[in-house]
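Asker: Start from the sequences and build out the full structure, keeping to the hints where you can.
There are 2 protein chains.
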Amino acid sequence: MTIQVNKWNYFELELKAWASGNPFLDVTLEATFTHQHRSVRVAGFYDGDGVYKIRFMPDIEGDWRYVTHSNLRALDNQSGHFECIPSLPGNHGPVRVVDRFHFAYADGTPYHPVGTTCYVWNLQGDELEEQTLRTLRQAPFNKMRMCVFPKRYSFNFNEPPCYPFEGELKQEWDPTNLYNLRAPAPKHNWDFTRFNPAYFRHLEKRILDLRELGIEADLILFHPYDFGAWGFDKMPPEVNDRYLRYLIARVSAFSNVWWSLANEYDLMLHLTLADWDHFFQLIQDADPYDHLRSIHNCHGFYDHGKPWVTHCSIQHHDLTLVPTWLQQYNKPVIVDECGYEGDIYMSWGDLSAQELVHRFWLGFAAGGYVGHGETYLNDEQRLWWSKGGTLSGDSPARIAFLRQIIEATPAPGLFPAPLRTFGAGNTGNWIMPGGLPHHRAGSYQGTEYYLIYYGTHQPRYQQFSLPPGTYRIDIIDAWNMTVERFMDAASGDVRVEFPRKQFLACRIERNK
Amino acid sequence: MTIQVNKWNYFELELKAWASGNPFLDVTLEATFTHQHRSVRVAGFYDGDGVYKIRFMPDIEGDWRYVTHSNLRALDNQSGHFECIPSLPGNHGPVRVVDRFHFAYADGTPYHPVGTTCYVWNLQGDELEEQTLRTLRQAPFNKMRMCVFPKRYSFNFNEPPCYPFEGELKQEWDPTNLYNLRAPAPKHNWDFTRFNPAYFRHLEKRILDLRELGIEADLILFHPYDFGAWGFDKMPPEVNDRYLRYLIARVSAFSNVWWSLANEYDLMLHLTLADWDHFFQLIQDADPYDHLRSIHNCHGFYDHGKPWVTHCSIQHHDLTLVPTWLQQYNKPVIVDECGYEGDIYMSWGDLSAQELVHRFWLGFAAGGYVGHGETYLNDEQRLWWSKGGTLSGDSPARIAFLRQIIEATPAPGLFPAPLRTFGAGNTGNWIMPGGLPHHRAGSYQGTEYYLIYYGTHQPRYQQFSLPPGTYRIDIIDAWNMTVERFMDAASGDVRVEFPRKQFLACRIERNK
Chain A
19 MTIQVNKWNY FELELKAWAS GNPFLDVTLE ATFTHQHRSV RVAGFYDGDG
69 VYKIRFMPDI EGDWRYVTHS NLRALDNQSG HFECIPSLPG NHGPVRVVDR
119 FHFAYADGTP YHPVGTTCYV WNLQGDELEE QTLRTLRQAP FNKMRMCVFP
169 KRYSFNFNEP PCYPFEGELK QEWDPTNLYN LRAPAPKHNW DFTRFNPAYF
219 RHLEKRILDL RELGIEADLI LFHPYDFGAW GFDKMPPEVN DRYLRYLIAR
269 VSAFSNVWWS LANEYDLMLH LTLADWDHFF QLIQDADPYD HLRSIHNCHG
319 FYDHGKPWVT HCSIQHHDLT LVPTWLQQYN KPVIVDECGY EGDIYMSWGD
369 LSAQELVHRF WLGFAAGGYV GHGETYLNDE QRLWWSKGGT LSGDSPARIA
419 FLRQIIEATP APGLFPAPLR TFGAGNTGNW IMPGGLPHHR AGSYQGTEYY
469 LIYYGTHQPR YQQFSLPPGT YRIDIIDAWN MTVERFMDAA SGDVRVEFPR
519 KQFLACRIER NK
Chain B
19 MTIQVNKWNY FELELKAWAS GNPFLDVTLE ATFTHQHRSV RVAGFYDGDG
69 VYKIRFMPDI EGDWRYVTHS NLRALDNQSG HFECIPSLPG NHGPVRVVDR
119 FHFAYADGTP YHPVGTTCYV WNLQGDELEE QTLRTLRQAP FNKMRMCVFP
169 KRYSFNFNEP PCYPFEGELK QEWDPTNLYN LRAPAPKHNW DFTRFNPAYF
219 RHLEKRILDL RELGIEADLI LFHPYDFGAW GFDKMPPEVN DRYLRYLIAR
269 VSAFSNVWWS LANEYDLMLH LTLADWDHFF QLIQDADPYD HLRSIHNCHG
319 FYDHGKPWVT HCSIQHHDLT LVPTWLQQYN KPVIVDECGY EGDIYMSWGD
369 LSAQELVHRF WLGFAAGGYV GHGETYLNDE QRLWWSKGGT LSGDSPARIA
419 FLRQIIEATP APGLFPAPLR TFGAGNTGNW IMPGGLPHHR AGSYQGTEYY
469 LIYYGTHQPR YQQFSLPPGT YRIDIIDAWN MTVERFMDAA SGDVRVEFPR
519 KQFLACRIER NK
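Each protein sequence line maps, in turn, to chains A and B.
If you count by our numbering, then the first sequence holds residues 19 to 530, one letter each, in order.
If you count by our numbering, then the second sequence holds residues 19 to 530, one letter each, in order.
Among the hints, erroneous ones may be present.
[Unchecked claim] Label-pair restraints from in silico Cβ distances:
{"#": "1", "chain 1": "B", "residue 1": "P107", "chain 2": "A", "residue 2": "S410", "range": "41 to 47 Å"}
{"#": "2", "chain 1": "A", "residue 1": "T342", "chain 2": "B", "residue 2": "G108", "range": "46 to 52 Å"}
{"#": "3", "chain 1": "B", "residue 1": "K324", "chain 2": "A", "residue 2": "A429", "range": "49 to 55 Å"}
{"#": "4", "chain 1": "A", "residue 1": "P254", "chain 2": "B", "residue 2": "P486", "range": "44 to 50 Å"}
[What the hints assert, rightly or not] Which residues of chain A face chain B? A few of them, derived with a C-beta cut under 7 Å, are:
{"#": "5", "residue": "E145"}
{"#": "6", "residue": "W191"}
{"#": "7", "residue": "R478"}
{"#": "8", "residue": "Q480"}
{"#": "9", "residue": "P517"}
{"#": "10", "residue": "Q520"}
[Unchecked claim] Sample of chain A residues with no beta-carbon within 12 Å of chain B, all distances over it, derived:
{"#": "11", "residue": "V23"}
{"#": "12", "residue": "E186"}
{"#": "13", "residue": "P436"}
{"#": "14", "residue": "H475"}
{"#": "15", "residue": "Q476"}
{"#": "16", "residue": "Y479"}
{"#": "17", "residue": "Q481"}
These are calculated hints, taken from the structure and not from any lab test.
The C-beta atom is built at its ideal place from N, Cα and C for all residues, glycine as well.
Answerer: Here it is in structure tokens:
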């Protein structure tokens, strides 16, 4: 009987072979998957215990044949085929950039990222990890920022259940190293030539759990939060490359994988911009599926204009800059970190819910996307932003409300309104794209849809000059999560009246 | 009997003479005032009806003698003397810049500007003007931005009671010119060689009314809000100069006068930067008292670093830039316009009270100063920001509370805390000037006083490493106007705990 694989799920070929030497280094394994005139070459990987695997995500229904290539005879020239059948409901394929500023799944379904952050939720043991998954099932998020490597930081002092390489630590972590980016690598006997497959299998399990929930896994490949704990931030260059290739071989067949080259790349003082260019190019070369690629900053941005960057992943508190970044980079903008709802002592983790929701709206209403995180102190030092668990903040409900608004916009999403120059319409009448006054976050999609967010501004009325057609106009209260119809069939010059309240938006949609 | 003049009040010499020709152009008049070894030369002015006046503000107690100089024999070589006696309570003399970033009256009393804006309150007729004065008597403001010339703008369609020049308009104003900065000058028969003394006498009356209330008059000498109504924005160059000299002769003896060269200078498209330099230099040359000089922008700043600018007068919405401007210009920063509390359709006039108060605190807690305005719509189109009248907003009470905080700081005022660089203290312990984390507005005065404002951040606790001594620590709620003592005699490393609330500040003062 022919093996059947759902489109955008993955086919896995498992081969067994015993080799002398180090299979991670010495054995080469690839396979060519062919459908009619199309063929894709995919790397395999060693999974320990004499087991080799090759994974492949088909993107066209029909018959696929494969043949392996290896320097080990037992793995070479193995061939077979499978049938790619329609995708399972809910799997729309990998996310791609569309229409400059937006995203869609491979099947064309719009995807509007509404992300959260639990950096090392996958290294907390099954009980907490499953609680995180239960929380996510009820939460509004469809993207998760998470690290491959373990994390040492405030509120992150636990060791991971196991390590990504064979070997062990020979040294207790010295807490005086916390935040010392130049802390020496710890004493260890990691065998950097031998991965620990169990570590990666667990990561895979959690990525697939997210896929099941419709959540993209924005995998952070490197990060600076080691501070002499394990030394994974300071591995030799050839190990970095081998690690990337191994990870790509293992997880790129999962449709929900994104590559985030780093969190706060600019804090990894021992890596240069040329190193980051190299990583991007390596991934671009090695990933058969061209998953999304980005890099996240602390202070200064990497040049998101470089061709291998698919979209901007930004840390910045000022969401009014979203239109500037869209224009500058001509790519989608995701402000993955604009501060988190919480109450810790650090200024990036103590935003009021009101402020975080405000920032979400500012970013979204300007044609960008914004990410969530939660950092409320608790006795267990179990902060969502890092370990997952449960959410206690007031922003997720508002973000869920916003996500409904986002998903009701016409495809592919909204484009930032140009700022109106002084004198062009200070009479109070405007409609995008004719221009938007300063201090309004506004966006539009053709003449179909307009959204203006007022934030801490509270005009009593606004006047719009609508294009031909009739429009329904809603007043949205971003904080109280209400949508009130102001007019069903407005046309021409219209004056919209607002209650005296903060955090209102005006939505104007053309009637069919 | 010897005439007595209070210090920082003014002596006025009135002379009568009949001259053929145009006294405004043809008659020169000055006087030299001498006290012991010191002499000050002061311009006189023609006040109409054959009356010439010379005003002089003495700044040293004792005997002053004067002698006049004129090309008109009846006005020349007139001499006399008066005795300067101690100043009246409440008159501390003109305001000066002290200690780079701050202000003090001439007698050394610290002056912390807490300004408001009623651009043409002085051109609304006595009834409304007196209501404005009654409002100001109860309000927290000690500086008023106001124009010399009348203003045409939205909500400003009334003619002034009279005009600064002889002559009359020959043309109704065309409302389609509103916001057209290139609108042609209207048809009129202003005799630009003849001022209307009554216009200026009324202005003087209102400046002195403000002086009586302890309010500095930040006189706006030019502005672009004419739009073809009167043409005072487009006078010939020699008229601009003559106007400045005439105004200086008339009002510079009033202790509470400041020179604000323009509102939104960069919208006066027919004037160049060289013109503004020239005006500054002319004023610097002509004003015997060296009153404060500044210039206010719409978009781009004039270079406040130029030597004739005494302090920065800024329009900008982002108060987190205050430390940058202080550092850049090395002068006091007054953000005279950061948006106004109100609900008009224009985005600079629809801030919530909460947002305006937040901006006040951000600016003040960073070592700068911020100005108020109110733009609530009402049926009479009587908006405080322009016409004065009454205040109905929620910010003035909070600004009054803030003013108490400001005035309780050690002289001369606060200095912005440098931003802490990453890694220098992310342990959560800091005290200025050791450094302040991002997204905190903070300032200090020596080791006596520290102020940190949290805005929309809500940390549960903050840790400080105090300098030697004991300190009292207060938690201030900027919106609810409460001050709660957290600790009376803290020392060394201290952890300050906060309620989960927005708009809190922490004040740390050394015990004597």
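Asker: When the hints from earlier in the document are held up against this structure, which numbers fail?
Answerer: 1, 5, 6, 9, 14, 15, 16, 17
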